[in-house]
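Residue numbers (the working numbering), protein chains in the order written: chain L, 1 to 92; chain U, 93 to 439; chain A, 440 to 543; chain D, 544 to 646; chain F, 647 to 1130.
If you're looking for bench data, these hints aren't it; they were derived computationally from the structure.
Distance windows between CB atoms, simulated:
#1 U:Leu323 x D:Ala550: 23 to 33 angstroms
#2 U:Ala236 x D:Phe608: 35 to 45 angstroms
#3 F:Glu1106 x U:Asp230: 44 to 54 angstroms
#4 U:Gln239 x D:Leu556: 35 to 45 angstroms
#5 U:Arg381 x F:Glu731: 47 to 57 angstroms
#6 D:His580 x L:Ile21: 13 to 23 angstroms
#7 F:Glu1106 x U:Ala236: 44 to 54 angstroms
#8 U:Pro95 x D:Ala550: 24 to 34 angstroms
#9 D:His580 x U:Phe347: 32 to 42 angstroms
#10 F:Gly830 x L:Leu14: 32 to 42 angstroms
Only a predicted model underlies this, so the values are computations on that prediction, with no experimental measurement involved. Think of the CB as a built atom: it goes at the ideal place given N, C-alpha and C, for glycine as much as any other residue.
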Amino acid sequence: MDTFYVALAIFLVLNVAASLIRVIRGPTAADRLMTAQLFGTTGVALLLLLAEASGQPAFRNVALIFALLAILIVICFVQTTGSAAGPGNREA
Amino acid sequence: MRPVEIGLDGLLCLLLLVLAWKALRAPHLYQSAIYFIALGLVMALAWVRLAAPDVALAEAAIGTGLLGVLLIDSLRVFARDSKTDPDAESEEPPPGEINVYPAGSARPSGRTLPMILVTASCGLLAILLVEAIIELPDGGGLTAAAQENLERSGVDHPVTAVLLNYRGYDTWLEVGVLLLAMLGIFCAGGRVGFAETRQSNPPGHLLSWLIRALAPLMILAAAYLLWLGKLAPGGAFQSGVILGSAGILLRLAGFQVISRLPPLAVKLGLLLGFGVFLIFGGAALLTGRAFLEYPEARAGELILLVETAAAVSIGFTIFAFFAYLNSRDQPEAQENHAREEGGNQKP
Amino acid sequence: MIAGIETHQIYAVTAGLLFCMSLGGLFLCGHFFKKIIATKILGTAVFLLFISLGKRNAMEFADPVPQAMVITGIVVAVSAGAFALALARRIWRETGQSTFEDKP
Amino acid sequence: MTPADAATIVFCLAGAVFFLAGTVGLLRFPDIFSRLHALTKADNLGLGLIVIGLVFQAESIAGAFKLLLIWGLALAAGSNTCYAIGRYALERLPEKGPKEVEK
Amino acid sequence: MCFLLPARLRAPTGLAVAAVTAAAAVALAWQVAVDGMIRHNLGGWDAPLGIGLYADGLSCVFLVLTGVVGLLVSVYARSFFSLPEEQEGATKLFWPLWLILWGALNGMFLSADLFNLYVTIEVVGLAAVALTVLSGRPPALVAGLRYLLAAIAGSMAYLMGVALIYGSVSALDLQVVAQSIEGGSSLRVAFGLMIAGLLVKTAVFPLHFWLPSAHSSAQAPVSAILSALVVKASFYLILRLWVDVFDGSVTVAAGQALGALGAAAVLWGSYQALRQRRLKLMVAHSTVGQIGYMFLLFPLITLAHQGGADAPWLIHAWTGGIYQALAHGLAKAAMFLAVGVFVLAVGSDDREATVDLVGRLPMTTFALALAGVSLIGLPPSGGFVAKWMLLKATFTSGQWWWAPVILIGSFLTAGYVFMVLRQAFAPTKTPIQLKPVPRAMEVTALLLGAAAILIGFRAEEVLFLLDVEAPFQEAVEAEEGGGL
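So that you can see chain L by itself, here it is in the shape it has in the complex (with noise of 0.2 angstroms):
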């Protein structure tokens, strides 16, 4: 069964690699963030699976803490954007 995880763990893992021609290509700063986006649930999913793994429920949390703060970041990304979106958006 571990085996199988690991197994998982790494075509995911290639998953992830193969993602990355994305960030290079871009053109757009929204598809890089769609690509970071795409690796952070790829790595909650990997975090599980290594979790099952290696018999350690420990890092679950590990991947709670990646799904509860992923939010910020997109958040961010939204401000960054937004500040410069257009006069009408800018700050009051």
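Keeping the supplied structure of chain L fixed, place chains U, A, D and F upon it in accordance with the hints.
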């Protein structure tokens, strides 16, 4: 060890190296930041592989909760202030990638020699270092010693025992470093105290609903980890960071928390962890024990108390880092800059 | 041969390479922002070495002492990084300078 | 192999397929909106299936609950990201409507 | 004991804490001098699990130096930061930052644990950078960022070395590590990394690139602190590692390499100082040169070690190097403070502008002259004792090639010191309007200058303190047996 595990480790390490390389060499700052955040994620996986759950938790919390946010927030400053108009049809280069001194690609021509020198010496260092690492003996470490004394430390989780008891002095200084960094950031910013956020677009309905739901959840998670630290991976620092992240979240959503607090409360928040350590240390000295020595019988409760104070303080400080940097710039500084920049910034 | 490699060895060697790479990056990158990222990676490399050495105990969890030290180290590194970012941002705002070379 | 193990394997493999689909979509789809579409699939279903697969192995109700909570959080964050990215793309790249193809 | 990390306090309180801290340092030194080495296990845990603090002669000498300089600089700073010109930026943070820095310096001199030392040098580094950028002026900000990045890189290299050491001996306590070290390439690399990291922080040529701008763009009391104390801290750590931890594994080649760097620093720093037009830059470059002298100690003690632990020149080299650190600490603090007074009074940092001051700022000019005398190494100053001992050691050990460096460095130093003094004595037809300067600032500069001279007379006391748990016991005893 099974080949499949070696494959996974090898792949992760390769990914680490590639991401680090890309983060250092990417043509745009925005890409650098994304690679770096991804690097943090892979590091968390590496910590899991190395069976270091406490570090994995810390990395996950700090990497996404503080560092990623700080970096992206800084990008906004670096990008916005350059004179490229972000509203211009921005496919090439896209917003967030403006500015940007293309470090690593286009370099002034006179710098090839130092570059070769640096590369060569780093290569040499790499060879020496790897050789040294391979030569290290197997085994060793202080696992056994830490386990042996666990009973006397008042907690059941060895990492917490090391952090709060065996090497509590380091942790005390660490809380001090956070305080110090806050003072340093005050110096760098040139003013003491917090301004309102320069929050621009109010979050949409979906987002604000989510924020309302998530912030209490984060605080709950922080409390959970704090309590968990006594017996399993978790503890003051991770909990503090999550607490701080909850603050950052609220701040991002436009809640003016810190700028409305009286300065005294802010100071107290920053000093709390440091002070509680000092009080305990001093009390231990007065009662004839060594500095920061806990009486064996009550160590558990005392450690929990100190940890709570430390977590609150860490969370507050980390939140303050962000709040200070994210707050509105002084207008005159911007004008200054705009004037100066007309001449020489345009690439 | 391959079966003789242990997890911690792979990561330890990676840590060494990462260290040298980011050290070079620290010197060669121009923009403050990248220099700061280089220092962060430098720290990460050191922590990775600590933990991978702590994993030699072949137990369920890595050696707690390096784990605790790394957590302390992460806090210190993050504080220093935040301070550096604050400085870089202030310099940029005041002078428009984003590398050590250009003198506006 | 117990039936639980079998279920885990099936669900996790299905999840992996969705991740693969998401990655391929991200790489191959021509414009930002269709890429977004692919991404949401990977996000919601890929992780969801893997979580369901792992729930079969959970040692307690609390553990299973935690797994589902993680999924829920990831869903919430993911949907917001996609919403934000979509809005951003619409605002920023107005003349390149959802249908338009780059390159 | 001194666990002296004080909290956020304003000037009067800050001054009081400074006095208490200095007094505590002296008291501790006294105790060590009387009772011998002291060790305190924090948290009640012994090595290898816990962290120990320990005080021997070497750490006490540096503690007392920090105490004396720190107290006088505090008095100076109190006047300085109440001046209306120096109110910009975040100057009200001077006190908390300076006291944290002081506490961290003390913590560093007392710490006996490799990782704890890392934390303390990081605290020292961050606090020093924060102090540098206190004024918020752009040159200071850029210099501060450069300093900060250099400091982070340095401490990370150090920490990498610590990781390797932990990997090979599973211990962090200095004494435990020293006992269990066996040599081997990983230890050599670890040692190299740690020393290299610390060299960056000590600003030894050619790693001094950050120092002149940082030290010269900071405000006067801060410059004095940075030059006199902060670079000494990492020098202390190198010394500690060299003689206490890696005692058995240092090689002659490593010693010679450090000596060569030191020699290059002496020549380059002094030459650059001669060329500067701005006074503060001159003093900052002079720091680079004077630090070089301290590093001449390493080849001498290393060769001595190879030639037997009772080599007669050993004690000369050892005390000479440390004396140089002390004398430079006092003299350079005096110099920065005096130059600070000049700049304040004249309103310019240009060497040509500070003319005809001897009659109007006699005390400060005298302080500058005293500090200069010590830096050059004229008798009977502390600098003379240091350089004389180093010279003696070079000849008796047969390493005569360091001697010309010492002499040429002295000549160059004399060059720039006299250039400033000549200007100060030069009469002008149209005397410039001087701004009034608080008396306390002049007095403290003079006291520090006088101290730099006086330690030339009080060598025995310092040496006595240094002897407590000194690394070269045999040599000390041989020397005492033979008479000085």
